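K.L.:
Take a look at the letters that make up each chain.
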Amino acid sequence: MAHGPAKGIGRWLFATNHKDIGTMYLWFSFSMFLLGGAFAMIIRAELFAPGMQLIKPEFFNQMTTMHGLIMVFGAIMPSFVGLANWMIPLQIGAPDMALPRMNNLSFWILPFGFALLASTLFMEGGAPNFGWTFYAPLSTTYAPDTVNFFIFGVHIIGASSIMGSINIIATVLNLRAPGMTMMKLPLFVWTWLITAFLLVAVMPVLAGAVTMMLMDINFGTSFFDAAGGGDPVLFQHIFWFFGHPEVYIIILPAFGVISEIIPTFSRKPLFGYSSMVYATSAIAFLSFIVWAHHMFTTGMPIAGELYFMYATMLIAVPTGVKVFNWITTMFKGSLTFETPMLFAIAVVILFTFGGFTGLMLAVAPADIQYHDSYFVVGHFHYVMVAGAVFSMSGAVYYWLPKWTGKMYDETMGKMQFWIAFVGFNIAFIPQHFLGLAGMPRRYADYALQFSDWNMVSSIGAFMYGAAQLMFLYNVISTIVSGKPSTEEKTWEGAQGLEWTLPSPAPFHTFSTPPKVK
Amino acid sequence: MVSRVKQLVVYALSPLLLLSFVGQLAQAQDAHASGWSLLNMTEGVTGVSHDIYDLHMTVVWICVWISVVVYGVMFYSMFAHRKSRGAKASNFHESTTVELLWTIVPVLILIWVAFPSTKVLIDLYDTSEADIDIKVTGYQWKWQYEYLGEGVEFMSELTTSESAIYNLEPKTEFYLSEVNEPLVLPVGKKVRFLLTAKDVIHAWWVPDLGVKRDAVPGFINETWAKIDEPGIYRGFCAELCGKGHAFMPIVVNAVSEEEYKVWLADKKEAAAAIREMAKQTFTFEELMAKGEDAYNRSCASCHSGDGEGIPGAFPALKGSAIALGPVAKHLEVVVNGVGGTAMQAFGGQLSEVDLAAIITYERNAWGNDVGDMVQPIDVLKFKQGQ
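Line by line, the protein sequences are chains A and B.
Here the numbering used here is used: the first residue of the first sequence is -11, the next is one more, and so on.
Here the numbering used here is used: the first residue of the second sequence is 0, the next is one more, and so on.
Source of the hints: derived by calculation from the structure; they are not laboratory data.
Please note: incorrect hints may appear among the correct ones.
Said to hold, decoys possible - Subject to a maximum C-alpha distance of 20 Å in a straight line, what follows is the list of computed SDA-like cross-link-like pairs (lysine to any residue):
| no. | chain 1 | residue 1 | chain 2 | residue 2 |
| --- | --- | --- | --- | --- |
| 1 | B | Lys87 | A | Thr324 |
| 2 | B | Lys82 | A | Lys44 |
| 3 | B | Lys317 | A | Glu112 |
| 4 | A | Lys320 | B | Val68 |
| 5 | A | Lys44 | A | Glu112 |
| 6 | A | Lys44 | B | Lys87 |
Bear in mind the structure is a predicted one, so any value in this text is a computation, not a measurement.
Chain A on its own, in the form it takes in the complex (with noise of 0.2 Å):
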């Protein structure tokens, strides 16, 4: 009954083994990362002094278009959706994922859409420029004709997405051990269960949305064109109909993993379990009727803007419940604090950090100072990196030992995490200042008065990309020249099926489920 992988490059070609899909998407998604890390760097080297000194503003443009649609289509999404093909069968008892060939169409359509959209760079008119939230007309009358080719890189990107979320959905609720109730569930295949609801209902929008404006520019329609009877913001409420629950489908898998780590190096149970759940729930239905907070200049009138004012305010009190929650379970624990638990407590420090300048975003008088300034670009930066990012980066140290079987030089781990969480606050406190100051985003030049805390920005950014490459290694040499590290718990306090399995996981795992209490 048990065989190995298949030999050659045929086992990553037609993989269906959950943790072969798993290792892809994560390297995939790595890969994108250092590009989508490399575009932030040209956009930080730009913006190190005034003046135009490396590239010319409609390339300025390309990037932070592009630094954005990597980052958050091909890092941040594919590593998350990586580590739920990892991670929820070891942590569920099942065998595998339940849909191993629509597995493996999900992650071989990704290169393809991600080459699409990455090909426009070379082609004349240049890659998409009119920003990762693509307003029209911008990206429909005036944009470059390569817009095709982003719009079919999204809907490509989209449909694997959709898939991915169809898969974990199915395995999550038919292939739990016997024993395993929805209530046993770790908090990560909670959260991932929650946002692969959010991912089916919202990426079809999004692929509306970018139809539209193919039918817009190549078929005469006029969806967001006000001369042929369409509106321009239409666009955008429909757009962030997505985009809003789409920044929780970001987060909601990051806290999950939070929710695992903390537990373990605190040697506590996590406090309220129910209580996260259903703050997760809450966060994801409220996540779907509050979207145009993201447009409180457009001119909406005043009861929307209103309504959606306060409907944002809300999401303050579930948010606030987890990190509450976050932080009574280290009181009274056992804390050490290995690399993983220090990603975990910089995302509690800094998501919460995120979690207050958005708390002053949502109230729509201010947010008439703030939006479309770098105040949002230092917002979201703290939740999209600080809170997603470092938790993946706890994740893969977390759970490194399970893949591979080896342990990571904890120096070196730590060496990383403080140069990013360094790099990282170096770079983009600063930018509330800017904003504050009244510097907008997407600006490929800016006044003088904003030199001096530009430059120190970049300084940060580059410290923390470096970091990532620091990362990159510790991840090799870990593979290639770690310690063995062979006992089935890892961690002292680790608690969780998958802990219940040698290290490394073999390729096949729980093909007999595991009974649980």
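Go by the hints and put chain B onto chain A.
P.N.:
Chain B alone, transformed into the frame defined by chain A:
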């Protein structure tokens, strides 16, 4: 034991450091601050901008106090409950009372914030009973201001030179925030802004006025400001609008009512003079000189100074069929634009003199050698013939 107490004090103090930092931040609100001291939102010079600032600081302080508690508990645990200090883990994992408490208290805080926010928002939306109406139109990449009912309108464009941007000459004080003609407004009057755009979405943002509103093509948005103090207030376009997004600043010159009246009368006279000029005839050389100037201001950002355009985005004019073809078609394209493309209708943006000069220049520059010229009167006739 002593060192333990010391450490405890340090941990307890760390949130206080945050407090003192925010305290400093609150003081650094000088409107003309620059460099390192640029830390906080401006209080601005209108009632609304003051209200927004107060609201902003209220929420900042709420966040600071919450973070003192939350981070305080966290740092305390990180210190006191570490395994290396021999901490044994408890096993508690729920408490309905505590969980209810930290759900209800935030709700109450939010309600407390919601009241003043609602009040300010209602005020901010009240554009009724304005003394002056200004129509603001966003173009790639400049602003047009029209004093409704006064017959005065003009383009406001960046004056920072290309060579300053590309570091070939030094940057001056108002680098990227200086324009050829600021928007002049009287203090103490309620000014209503009617915002729209001719191409893509722009956003008109002047922090000191507490005004930011999108300019959406095909729609008109409203907002208002009543400026308390005379002065020059600078702002920027805040919605990504293409490659010139960072290069279309806003300058508002707020003056006393008397000065405003004098300025407006002068502008009206100047407008009449420009209309008069459209009846004059110019020599080829005059048109070419004016044309080069006007072309570089209004056309070069897309079609580039050498007429080569940007391949794949903006067509070249050098050797183009339109620039070398019949005048009527050339006029049609420049005056009415090309629907469905980035080519705007310049008929309403530029004077007849400028239009005639630009067309003449395009037909005879960079080796385009048609040899004919267009007079302002031709443009006027073309417009009237439509």
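K.L.:
Please go over all the hints and tell whether each is borne out by the structure.
P.N.:
Consistency of the hints with the structure:
| no. | hint | verdict |
| --- | --- | --- |
| 1 | B:Lys87 - A:Thr324 | holds, 12 Å |
| 2 | B:Lys82 - A:Lys44 | violated, 54 Å |
| 3 | B:Lys317 - A:Glu112 | holds, 19 Å |
| 4 | A:Lys320 - B:Val68 | holds, 17 Å |
| 5 | A:Lys44 - A:Glu112 | holds, 15 Å |
| 6 | A:Lys44 - B:Lys87 | violated, 59 Å |
In summary, the structure is inconsistent with hints 2, 6 from the numbered list given earlier, while agreeing with the others.
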